[in-house]
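Number of protein chains: 2
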Amino acid sequence: MKNYIKYHPWQIIEEEFHHDFHLISESIFSLGNGRMGTRGNFEEDYSGETLRGSYFAGVYYPDLTRVGWWKNGYPEYFAKVLNGVNWIGVRILIDEVPLDIAITPVTNFQRVLDMENGLLLRSFEISPPSGGELIFQFERFCSMADPDAGVIHIRVKSEGFFGKVTLEPFLDFDVHNKDANYGDQFWISRDEYQDKYISMVSSVTKKTGFTVSSLMRTNLYKNEVLTDIATSAHESMKTSHLYSLDVKSGDELVLNKFVINLSSLYVPAEEQLDAGKKKVETLYNNGYHALKTAHITAWKKIWDGADVRIKGDISAQQGIRFNIFQLWQTYTGEDDRLNIGPKGFTGEKYGGSTYWDTEAYCVPFYLSSSEAKVARNLLVYRYLHLPKAIKNAAKLGFKDGAALYPMVTINGEECHNEWEITFEEIHRNGAIIYAIYDYVRYTGDMHYMVEGGLEVIIGVARFWAQRVNYSEAKKAWVMLGVTGPNEYENNVNNNWYTNYLARWCILYATEQISWVKEQYPTQWDKIKSTVHFDEAELTHWDDVAKNMFFPKDDARQLFLQQDGFLDKELMHADQLPAAERPINQKWSWDRILRSCFIKQADVLQGMYFFEDHFDLDTLRRHFDFYEPMTVHESSLSPCVHAILASRLGKMDKAYEMYLRTARLDLDDYNNDTEDGLHITSMAGSWMSVVRGFAGMTVKDGMLILAPVLPPTWTGLQFNIRFRERVLLVDITAKGCEVTRKSGDPLFILVHKEGRQV
Amino acid sequence: MKNYIKYHPWQIIEEEFHHDFHLISESIFSLGNGRMGTRGNFEEDYSGETLRGSYFAGVYYPDLTRVGWWKNGYPEYFAKVLNGVNWIGVRILIDEVPLDIAITPVTNFQRVLDMENGLLLRSFEISPPSGGELIFQFERFCSMADPDAGVIHIRVKSEGFFGKVTLEPFLDFDVHNKDANYGDQFWISRDEYQDKYISMVSSVTKKTGFTVSSLMRTNLYKNEVLTDIATSAHESMKTSHLYSLDVKSGDELVLNKFVINLSSLYVPAEEQLDAGKKKVETLYNNGYHALKTAHITAWKKIWDGADVRIKGDISAQQGIRFNIFQLWQTYTGEDDRLNIGPKGFTGEKYGGSTYWDTEAYCVPFYLSSSEAKVARNLLVYRYLHLPKAIKNAAKLGFKDGAALYPMVTINGEECHNEWEITFEEIHRNGAIIYAIYDYVRYTGDMHYMVEGGLEVIIGVARFWAQRVNYSEAKKAWVMLGVTGPNEYENNVNNNWYTNYLARWCILYATEQISWVKEQYPTQWDKIKSTVHFDEAELTHWDDVAKNMFFPKDDARQLFLQQDGFLDKELMHADQLPAAERPINQKWSWDRILRSCFIKQADVLQGMYFFEDHFDLDTLRRHFDFYEPMTVHESSLSPCVHAILASRLGKMDKAYEMYLRTARLDLDDYNNDTEDGLHITSMAGSWMSVVRGFAGMTVKDGMLILAPVLPPTWTGLQFNIRFRERVLLVDITAKGCEVTRKSGDPLFILVHKEGRQV
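Line order of the protein sequences matches chains A and B.
209 is the number of the first residue of the first sequence in my numbering; add one for each residue after it.
209 is the number of the first residue of the second sequence in my numbering; add one for each residue after it.
I should point out that these hints are in silico values taken from the structure, not numbers from a laboratory.
Just so we're clear, the structure is a prediction, and the values are computed from it rather than from any experiment.
One should not assume that every hint holds.
Because identical chains share one entry, a pair is satisfied inside a single copy or across any pair of copies.
Said to hold, decoys possible - Here are the simulated DSSO-like cross-link-like pairs (lysine-lysine), alpha carbons at most 27 Å apart as the crow flies:
{"#": "1", "residue 1": "Lys683", "residue 2": "Lys760"}
{"#": "2", "residue 1": "Lys754", "residue 2": "Lys500"}
{"#": "3", "residue 1": "Lys794", "residue 2": "Lys603"}
{"#": "4", "residue 1": "Lys794", "residue 2": "Lys596"}
{"#": "5", "residue 1": "Lys557", "residue 2": "Lys279"}
{"#": "6", "residue 1": "Lys760", "residue 2": "Lys682"}
{"#": "7", "residue 1": "Lys607", "residue 2": "Lys794"}
{"#": "8", "residue 1": "Lys682", "residue 2": "Lys607"}
{"#": "9", "residue 1": "Lys907", "residue 2": "Lys365"}
{"#": "10", "residue 1": "Lys907", "residue 2": "Lys960"}
{"#": "11", "residue 1": "Lys599", "residue 2": "Lys794"}
{"#": "12", "residue 1": "Lys683", "residue 2": "Lys754"}
{"#": "13", "residue 1": "Lys509", "residue 2": "Lys734"}
{"#": "14", "residue 1": "Lys415", "residue 2": "Lys725"}
{"#": "15", "residue 1": "Lys861", "residue 2": "Lys607"}
{"#": "16", "residue 1": "Lys509", "residue 2": "Lys949"}
{"#": "17", "residue 1": "Lys734", "residue 2": "Lys581"}
{"#": "18", "residue 1": "Lys446", "residue 2": "Lys486"}
{"#": "19", "residue 1": "Lys760", "residue 2": "Lys446"}
Assemble the whole structure, with the sequences as input and the hints as a guide.
Right, here's the structure in full:
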């Protein structure tokens, strides 16, 4: 753990420049607006270790799958989010020497992520060799008001310095992915443009043919007087404006760089130059301050719906706001072609692709903190991929419209290649149905069933009904060769979580078919014909649901994670020497597999999903059995344990788990923040608070709260959206107040007591 | 199956040139002498599809491991046998146009592998555009009399052709491995030499620093008159002699190319030039015919000990001789640093490394068909790697001298990286002990125990004793997370074969310790101190051996392949549609894993190893249960089933399995002969005949035969070596005659009847 970030309720603050942590800071200080994002790189040259990264939503490249030994069924490619144009660059020279704070000593360095206003601020002072001082201030934002716009504002003030200062804002498309197999370049220059004021670079991706154009207009004021561009330079894939000025003590330079980045997901390639010129012109004419105001206003609207206020614990407060802030920077829910990669726009690991994290973690967050359409778009994303999921299942030998969603995807096609995960970690298929259930339960939008929901549900139910086989030995349906959420077990039989989820999917499908048949007979006929549904399927489904096998231990009254779990040597994680942790870095894979240690919630994930199916005693037995064996080496694990611990009144454990998720990146718990932030598990932090400490859930259409706060917290306030209302929940030691801020009156339960709000 | 090879008892014959099968032919027509080997490439240019390959025993390169997702414990490199100097090359030009039979039409083409004499022969005729005909004859061999020598003899005769014929014998070290990750070159030029008569190229491998030098001297006779070299050319890594002659009808040219290839395994790099010059000079002075005679004599000696004669079935006869021939070309047993790669010198697949094939298949072959020292060297190879096996086990978390031999190795270090195999296919460790048992049982060389054997046995027994864990649920020692010989199951619990072998190793270790302690007390003290043996270990071993868990089905009276095997949907392989076979090409990996289909003998492998532990009824029950589910998609599988079927009197099945192993490459059963021959499974063909049809085994030091012939065979004769004797076994419908050809009288059992021979 690194404790160099200062505590502050609304800000992330680095004081003094931490060279050694710069890669981590670049992740933490990332900016984004759902359509694009940039790591917290410096505008000017930096010769120290850095991962320069700018990413554009949905722009990916299908890189060659790298594999030692090919297994039949592996995908041909691994999709990766592409590092795109470096649009933030501003080269700075002092007396012709480049400013590079990897070398140049700086004083009064401060870097601030102002989460309230969505701004990245940086300031420092240098003492040039020729004497005096230069004071630098940087402001940058990716506009939440205009998702194509990025703006940079730099002030340079001389105190006693006499000499030349050169500022060269540029756009550079000659960029590479850090994770390219062999240092390949994935972009080809497509078009370039430069006139007196505006410069553009435009490139197209190999294979996928996405075009991104970046245009800039800049201005520079010296002591509030506009100056001219000295030179406009242009070379292949790079364009710049050069301002070179003689500066004396007391002078102040102000540079504004207005950038429009257009992606062919939104503007056709051939229209980007014209559209971009118009847009960048508008930015320029509005000016820095107006743009900033519009951006801050947009953020205010988000915070109104999504803020969580924790009293008495500034570190927890900072953590949760950082998580909410980064989630909104990654995904704003306006485009059903987009989803949420585990690293968002903050790094390249995991290829920027979609995992089951979205359904299990992010959907609940967006359900409560924004309008229903945002979560709905995440469901529609999967609906649009249904044909590919059916094709994917067919590739593995399934038939008749059975659908298997990919483990990792960007466009609906599988792009992961570890057989034990790609082919066997099939519980993801259930999470996709669970998200539909969660959405409908929360929003009451039953109509989604006939607008895609049911087709997805049927495809997945079919998959489960084919994936099981009847065991003559057990006289039951079994599911062989799977990997559960606990990836520290591979190719196991009858993973309880997977079997339970599969049976639930089948039952839910049966129930929803029956409901749609009754409520929407016409649409049902249409769906039935679309998916070639045969009523006889229900008979088999019924048999599977009734006779599904679940491994258990009668003596302990426990469901077992999988067949044979009790053959393991059972130990508690705290019996492991510190030098052997994390086990995924210290132990060989086989040793991990045959140990009892659990990477992340597995049986407990099921008990979290289906909270109503198990009473508290059952939950406690399972928590007490599995929690001590859980090493939480997945970022997705602690939040589920935090929620269950809250429910069981184990507040110390809940709080420990909460901090581990909420400050995972700020404190670099896992030594991997430099690769990018753990965006999807950030939704888990929010869940720990709202679904955990506040005990929020929905049952039979009714909102329920059952708050218990960690001992150090004197208060917890948050807004949630629920069925066209905004509610303010205010929890203190004295009790829980719920105030309706908009929408119709509502009947809710707080600690099992009914209330009209 | 491709039936282009003509049947012949001693020869492999291709008549008419089969362009499409040339890659296959290049594998089949490979030559080798245990120290070097070359695919059946043409001497002259060939622009069609070809894999030019010359390989040198023990010369490898540690290439970067290619992996999608790194697992802790993976090795850093994957060793690969290196394609080395192309020493066979002879460029041929007719009127300045290169001869290239991919383009030039040829008539009377014939390619013959003369297995009796170890020669590769080729002849054809062409009709040059300027008229007339040229008749070509090629002879080539890798000398069995001098393992550094390779010789080529080419005759060109003109019938009606008048024009220019150019012959340019060359040595070319600018070669690449087909399986290089990114087309890398692994050799660096080290030295070059050329004088009036002798040329040399010499290169050193990157990283491993092996040097190979290739020297040639050539001569050319025109109508029996020696001519001069026209030009000697030399460029980096390539050297040549050029003969250019005017030819008229009736003229005959004879080119001899004498090559010495020296590897730094045998001659230090700095001595190779001088030593090579002397050796190549000697070859030259001896001349082609004398060298050929010495080579043929050496082969005759091998055949005297190793030939198998089958009467009434020429295809079976050709198959078994081809197998024996290729085995001897690959390994002659003189160097304990060498071993037998699955492809020998015939291709690059599997990296030329050593697998458990050696112990389970090749050791029995060499035990019977050569002197004891050959098999002993294969054991010593592993003994020399014991420190690395202990290190390998430590890497995976084992301690106190436990040894885990690598799955794939060239120098004792693991170089395979599929976790389910590398870390979990640990039964190989048992095969290494079984080979010691097999060797001692066959040769009676008990002294090997104190010369390395026991140390290896103790290391492996320790591994097993640590690898199990006590299951409270089963009240027995279990072995979790393994892959058995059937690689169509991964990460299973309690693979019966592995558990059985492990227990046997522990019991054998206990027994051998006790024996050595008594017979060689002084050496025991030394071994005890070397391996830090603690008598208390025996207590734990005893407990494990007594309380090892074995999965079984009481109703069927069967041992089960692993826990949960009966949860599978049980089917027979013949219920699979032809279009879905082989399943490893048609099914996705997960589907294969959860099916009941068995890649290769698993439980049955154990019953083959421990034939005395199971009565015939038990064997029959298991054979009848497992055989129909076995798809034999490993080349190592059919021979074990052939042997067991023979024992059970199922002669049709035995014969079917025999053909599948003996003619695997000649008939290209698996469509993969072009990658190289299946060298190690060739030993299985021999086992099918001698241990299967002839029912040979050894018990309590006594040789036992129990022959049963396939219906079509009218006779079977073979020589075996047994404890310093050579015996001729002659089996006909009338009975079995055993004649002692050398050594002392011997008492043997034939069909349970004692005989003095």
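Each hint, compared with the structure:
Taking identical chains as interchangeable, the C-alpha atoms of Lys683 and Lys760 lie at most 27 Å apart whether they share a chain (15 Å) or sit on different chains (18 Å). For the homomeric pair Lys754 and Lys500, neither the shortest alpha-carbon distance inside one copy (60 Å) nor that between copies (78 Å) is at most 27 Å. In the homo-oligomer, the alpha carbons of Lys794 and Lys603 lie at most 27 Å apart only across protomers (10 Å), although the nearest pairing inside one protomer, at 36 Å, exceeds that limit. In this homomeric assembly, Lys794 and Lys596 come within 27 Å of each other (Cα to Cα) only across copies, at 20 Å, whereas the closest approach inside a single copy is 38 Å.
Both within a single protomer and between protomers do Lys557 and Lys279 lie at most 27 Å apart by alpha-carbon distance, with minima of 23 Å and 16 Å respectively. In this homomeric assembly, Lys760 and Lys682 come within 27 Å of each other (Cα to Cα) both inside a single copy, at 13 Å, and across copies, at 15 Å. In this assembly of identical chains, the alpha carbons of Lys607 and Lys794 lie at most 27 Å apart only when taken from different copies (15 Å versus 42 Å within one copy). For the homomeric pair Lys682 and Lys607, the shortest alpha-carbon distance inside one copy (26 Å) is at most 27 Å, but the shortest distance between copies (39 Å) is not.
For a Cα distance limit of 27 Å, the shortest separation of Lys907 from Lys365 qualifies neither inside one copy, at 60 Å, nor across copies, at 96 Å. For a Cα distance limit of 27 Å, the shortest separation of Lys907 from Lys960 inside one copy, 12 Å, qualifies, whereas the shortest one across copies, 79 Å, does not. For a Cα distance limit of 27 Å, the shortest separation of Lys599 from Lys794 across copies, 16 Å, qualifies, whereas the shortest one inside one copy, 39 Å, does not. Taking the shortest alpha-carbon separations for Lys683 and Lys754, only the intra-copy value of 12 Å comes in at or below 27 Å, while the best inter-copy value is 32 Å.
Neither within a single protomer nor between protomers do Lys509 and Lys734 lie at most 27 Å apart by alpha-carbon distance, with minima of 40 Å and 81 Å respectively. Taking the shortest Cα distances, Lys415 and Lys725 never come within 27 Å of each other, neither inside one copy (44 Å) nor across copies (70 Å). When the C-alpha separation of Lys861 and Lys607 is checked against a cutoff of 27 Å, the pair qualifies neither within a copy, at 46 Å, nor between copies, at 35 Å. In this assembly of identical chains, Lys509 and Lys949 lie within 27 Å of each other by CA distance solely inside one copy; the values are 14 Å within and 100 Å between copies.
Taking identical chains as interchangeable, the C-alpha atoms of Lys734 and Lys581 lie at most 27 Å apart only when both belong to the same chain, with a minimum of 24 Å there against 78 Å between chains. For the identical chains of this complex, Lys446 and Lys486 are intra-copy neighbours only, at 21 Å inside a copy versus 64 Å across copies, given an alpha-carbon limit of 27 Å. Proximity of Lys760 and Lys446 under a CA criterion of 27 Å is satisfied in neither setting, with 63 Å inside one chain copy and 70 Å between copies.
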